[in-house]
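With the hints as your guide, set chain H onto chain A.
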Amino acid sequence: MRRRLSRLGWSCFCGFLLQCVLLSGKAARVDGRSILLNGGDDAASAMLIHESQFPIGSVLQDPATLRMNTLDDLVGRVAGKPSLKAYATWGNFDEYWPSARINFEGKTHEALIAWQENTRFKATGDGRRIIVTAAEGGNTDAADLLLRDADGRILTQFQCKLGSDAAMKALKDSKYNGMTILTSDESLCNIKLGLLKTEMNATRRGIQVPEDWAAVRSAIESGRLASELPSHASLILRSDVEVTAKSVVSRAWEIAGDTVDAVDTPVDVTIAAMNAVNRIPANAAIAKAAGPILIVVDYAANIYLVYVDYGRFRNGDIGGVYFTFKTSLHAAQMAFTTAAIVDPEPTTKVVCAVTAIVLAVIDVASDPIYAATKARTEELYRTLERDERYYYCRQQLINEMDNAPLPRLPSPATTW
Amino acid sequence: MIVDIVNALTTKAETERMDIDRDVTAKAGADKNGGNVDPAAQSPGPYQSDIKRLNELQEAIATADFRHWAALAMDQNVADQVEKVQADLQASAEKALRFQQRRYNLWALQQIHVAEDAPNWPERLGQIDSRFLHPSVAALYSMVNDSLVKGLDDHAQRPAALRRLINQDKVHLERF
Numbered sequence: 003m004r005r006r007l008s009r010l011g012w013s014c015f016c017g018f019l020l021q022c023v024l025l026s027g028k029a030a031r032v033d034g035r036s037i038l039l040n041g042g043d044d045a046a047s048a049m050l051i052h053e054s055q056f057p058i059g060s061v062l063q064d065p066a067t068l069r070m071n072t073l074d075d076l077v078g079r080v081a082g083k084p085s086l087k088a089y090a091t092w093g094n095f096d097e098y099w100p101s102a103r104i105n106f107e108g109k110t111h112e113a114l115i116a117w118q119e120n121t122r123f124k125a126t127g128d129g130r131r132i133i134v135t136a137a138e139g140g141n142t143d144a145a146d147l148l149l150r151d152a153d154g155r156i157l158t159q160f161q162c163k164l165g166s167d168a169a170m171k172a173l174k175d176s177k178y179n180g181m182t183i184l185t186s187d188e189s190l191c192n193i194k195l196g197l198l199k200t201e202m203n204a205t206r207r208g209i210q211v212p213e214d215w216a217a218v219r220s221a222i223e224s225g226r227l228a229s230e231l232p233s234h235a236s237l238i239l240r241s242d243v244e245v246t247a248k249s250v251v252s253r254a255w256e257i258a259g260d261t262v263d264a265v266d267t268p269v270d271v272t273i274a275a276m277n278a279v280n281r282i283p284a285n286a287a288i289a290k291a292a293g294p295i296l297i298v299v300d301y302a303a304n305i306y307l308v309y310v311d312y313g314r315f316r317n318g319d320i321g322g323v324y325f326t327f328k329t330s331l332h333a334a335q336m337a338f339t340t341a342a343i344v345d346p347e348p349t350t351k352v353v354c355a356v357t358a359i360v361l362a363v364i365d366v367a368s369d370p371i372y373a374a375t376k377a378r379t380e381e382l383y384r385t386l387e388r389d390e391r392y393y394y395c396r397q398q399l400i401n402e403m404d405n406a407p408l409p410r411l412p413s414p415a416t417t418w
Numbered sequence: 002m003i004v005d006i007v008n009a010l011t012t013k014a015e016t017e018r019m020d021i022d023r024d025v026t027a028k029a030g031a032d033k034n035g036g037n038v039d040p041a042a043q044s045p046g047p048y049q050s051d052i053k054r055l056n057e058l059q060e061a062i063a064t065a066d067f068r069h070w071a072a073l074a075m076d077q078n079v080a081d082q083v084e085k086v087q088a089d090l091q092a093s094a095e096k097a098l099r100f101q102q103r104r105y106n107l108w109a110l111q112q113i114h115v116a117e118d119a120p121n122w123p124e125r126l127g128q129i130d131s132r133f134l135h136p137s138v139a140a141l142y143s144m145v146n147d148s149l150v151k152g153l154d155d156h157a158q159r160p161a162a163l164r165r166l167i168n169q170d171k172v173h174l175e176r177f
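Here the protein sequences line up with chains A and H, keeping their order.
Sequential numbering from 3 applies to the first sequence in the working numbering.
Sequential numbering from 2 applies to the second sequence in the working numbering.
Accuracy of the hints is not assured; some may be wrong.
Claimed, not checked - Which chain H residues face chain A? A few, computed with CB under 7 Å, are given here:
no. : residue
1   : 33
2   : 37
3   : 99
4   : 103
5   : 106
6   : 110
7   : 114
8   : 137
9   : 141
Read the hints as simulated data drawn from the structure, not as lab findings.
All residues carry an ideal CB built from backbone N, CA and C; glycine is no exception.
Next up, chain A with everything else stripped away, as it sits in the complex (with noise of 0.2 Å):
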């Protein structure tokens, strides 16, 4: 008992930590390589521990990234490609690249430099090759581009940013000391040019140049920021990594689709179910806004309606039963609508949506029903009642005129 008390105590104790950890706004990485424990923020604070899975001077044999046979290979190795569930949310490229090109974008620029490197390297006989991280198993490395000389030794660690902003940044992360910086031409030309503004700045005004564009002009000089690529060709054009990008991952998105539409079976049509829900609220802003404000609505319409079912049930004109069978039904409408437009699962989306349009359906549909009904059963009484008013009133004729004395006789006199 002590020693369950004991492991429980302690669970609790790590949990807190582990708590304490998050919620102070720490990252933690813990995939063995690096562990930043202090704000990010501040660099100069940061207490980095840097284990690259491939140091400089390691040595790299068999790479994967030499194995692929195509640029695609590569890139979708690095990258990865569209699961069949982007495919299923976003149902067509046009509308599912703007949410992913960041990503593969950049990505495809790692491979892109180590494809046409590499095929620049084997054209010249130059043994060097250029390895990709990522494409090594190494996705969380600091690290996305190896120089490996021909026997396998790692001679430089790359790190690619492809906008002069992350580039800059890049500079100043000591998660990066050690690498070159490998970036776009466009970005470096933006660089250079925000570098030349700053300096004639600062000369016009005589004051210095910030550190910060200071370091900028030393890491271009000492080709930490590298100006060409290392077969000395030209940095690639962000333009060209941005065609490469959608043209590779387009081909790749035609592959998914052949998958999923050579799935005969319902998964087809859930498919288009999840892509029609799915798409309007991803794609329009207001959709998401509109959300809330029809939750409103709907509540406040159906209390309103209600309301005045109340008012109709207290003025006689409905029946308890039925004003208990409306207000059931605004209540499961409003519980129905709120779930199509809260839960994220677009089946329950679609079904919670259906059931509260034939609901609504019904509701509307009953009030006639009720009508005609409540019609009937009142035509009905009143033949009743009135059948009933006359065999009584004869009745009562016939028993009182068997026995009765002579009723007055009017007088001639009186005759109408």
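This is chain H only, laid out in the frame that chain A set:
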């Protein structure tokens, strides 16, 4: 001699009264069991004929002055018999009159029932003479009449309907 004559006449009157009384009772039974209670096309009606015959008998006995002849005969039995015949005739006449009124009320009841749904309800209700109605039938008559008059949405129709109601010829009791 006088006694024999008076006896013969009273016996004849009694027989005649009993025939009429049976006839009235049979007709009343038919009325009670749902027989036709419509008025005759012309006066007098079936009950009215019986009443008329009974009245004639009463008048004949009164004219013959049987009491006077019974007093001359100094026979108390004859005097009693004359008294009895006169009382029976009066009772039979009252009975016939009561069943006549009952038939009138049964017919009125039918007319009121029909009038509730009939477009010519003013004529149907107007032909009923409410003075002959039993209180329960009269109450029904008033109720139906009120509801039908109130049911006229167009206020211009009300005076016209009431005019038709009032100007309708009444069906008299003598036609029953």
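For each hint, the structure was consulted:
no., hint, in the structure
1, 33, "6 Å, holds"
2, 37, "15 Å, violated"
3, 99, "6 Å, holds"
4, 103, "4 Å, holds"
5, 106, "5 Å, holds"
6, 110, "6 Å, holds"
7, 114, "5 Å, holds"
8, 137, "5 Å, holds"
9, 141, "5 Å, holds"
Violated hint: 2 only; the structure is consistent with all others.
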